[in-house]
Amino acid sequence: MDARHVGFWVFALIAGILLGLLVRAIVLAEVEHRPLLALGSYDRLEQELDRLRAEVGALRTEKDALLRQLLTGELSAEQIRQELEAAKHAAGLTPVSGPGVEVVLGDSSRPGGALVERGLVHDYDLLFLINELRAAGAEAISIGSGRMEERLTALSYLRCTGPTVLVNNTRLSAPFTIKALGDSDTLVQALKMPGGVVEQLQAYGLDITVAKAGRLEIPAYSLPLSSRFAEDGQRTAAPASPPVEENPGGQDAVTVEVARP
Amino acid sequence: MRERILAGRLLEPATVAVALVLFSGGVVLGLFAPTDIIPHPLVLLPLALIFVDTGLSAFIAAREKRSFKGLAHFAYLTAFATILYAIGVLSGIRPELVVLLPLVVRETLVLSRLY
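Chains as they are written, first to last, in the working numbering: chain L, 1323 to 1583; chain S, -11 to 103.
For the record, the hints were derived by calculation from the structure and aren't laboratory data. Check each hint, because a few of them may be wrong.
[As the list claims (entries may be wrong)] Taking CB as the label site, the calculated pair distances span:
1) S/75 <-> L/1391: 54 to 64 Å
2) L/1421 <-> S/23: 51 to 61 Å
3) S/75 <-> L/1378: 36 to 46 Å
4) S/22 <-> L/1537: 33 to 43 Å
5) L/1400 <-> S/23: 23 to 33 Å
6) L/1373 <-> S/22: 49 to 59 Å
7) L/1386 <-> S/75: 22 to 32 Å
8) S/84 <-> L/1536: 44 to 54 Å
9) S/21 <-> L/1374: 58 to 68 Å
[Unchecked claim] These stretches of chain S come out as covered by chain L in the derived footprint (C-beta under 8 Å, 3 or more residues):
10) 0 to 11
11) 15 to 25
12) 28 to 37
In this text, all values refer to a predicted model and were calculated from it rather than measured experimentally. Glycine included, each C-beta is placed from N, C-alpha and C at the ideal position.
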């Protein structure tokens, strides 16, 4: 072996190692961090560019639409519509659905003797139950009987009329089915807590069952809205005028005044 | 490493064969090296260029029948690349460009001496 060739061979070995390491390093490197632009990363960059171009186009279109709505006043009308929908939802004027509990409250099936009247469901029993459900976070409540079902709102009332209970001017008789939308666990716990509503109503001899429901449907408030005396706070501060005349469209008409900038 | 490489000896088939075997073995070693010891491509690329430059310069020197100090040449280019890297870091310009571009230009000039 010629000693002068050793240097050349060492050089060849190190050059080979370097080349191998270089290839390995490039293969191991993330596509985004590769020092060389690979075909795959080029395609990926082109796809990203197309996506960004499409996003820019969509955002421009959206901006134009919003600008057009703003200039023509449609945006304000849309906002009013959304607020009106939210108000109707809060007032119980739209049907709703969701998880909750279903409570069936019926008259006592046991002979009551001298306390037979206490074995019947009264309006205060229902109010007691409804108050507890609202305190537990129920977002919508209805009372039904047979095929009838009435949504409870701020205008609702419950009143005993003989053997029946009047709800929203609809006569309902026992057993009553009370639906409440909300967190099922919370509602059930609130009703069944020691000394709570269920325990007290059972102590009176009433039949009550509470069941969780994955999806309940509650109808909208059925009666027409009417307001003869109550007025909006801003309008009340204005010079007095006959309230009935301010509502020329009839009792069901709702006047919305919007302060425009 | 102060050996003189002669053009006539370099082209001997046996010498070239041994060099090819060693080169291939080196490639295999590099390809299957543990990931923990693989340097960053920013180090590997200039190092590979410096090795190519050293090899080409040695070949040209042997062809022109003049002496060539391979180790000194390698050390000189390594120091040159390190200074370029420092300039890149201090100036804020991408070090890859500052280091690799002069080396690539240098290789182009060296290759042009082959014809």
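(message) Hints numbered earlier in the text: which of these fail when held up against the supplied structure?
(response) 4, 5, 6, 7, 8, 9
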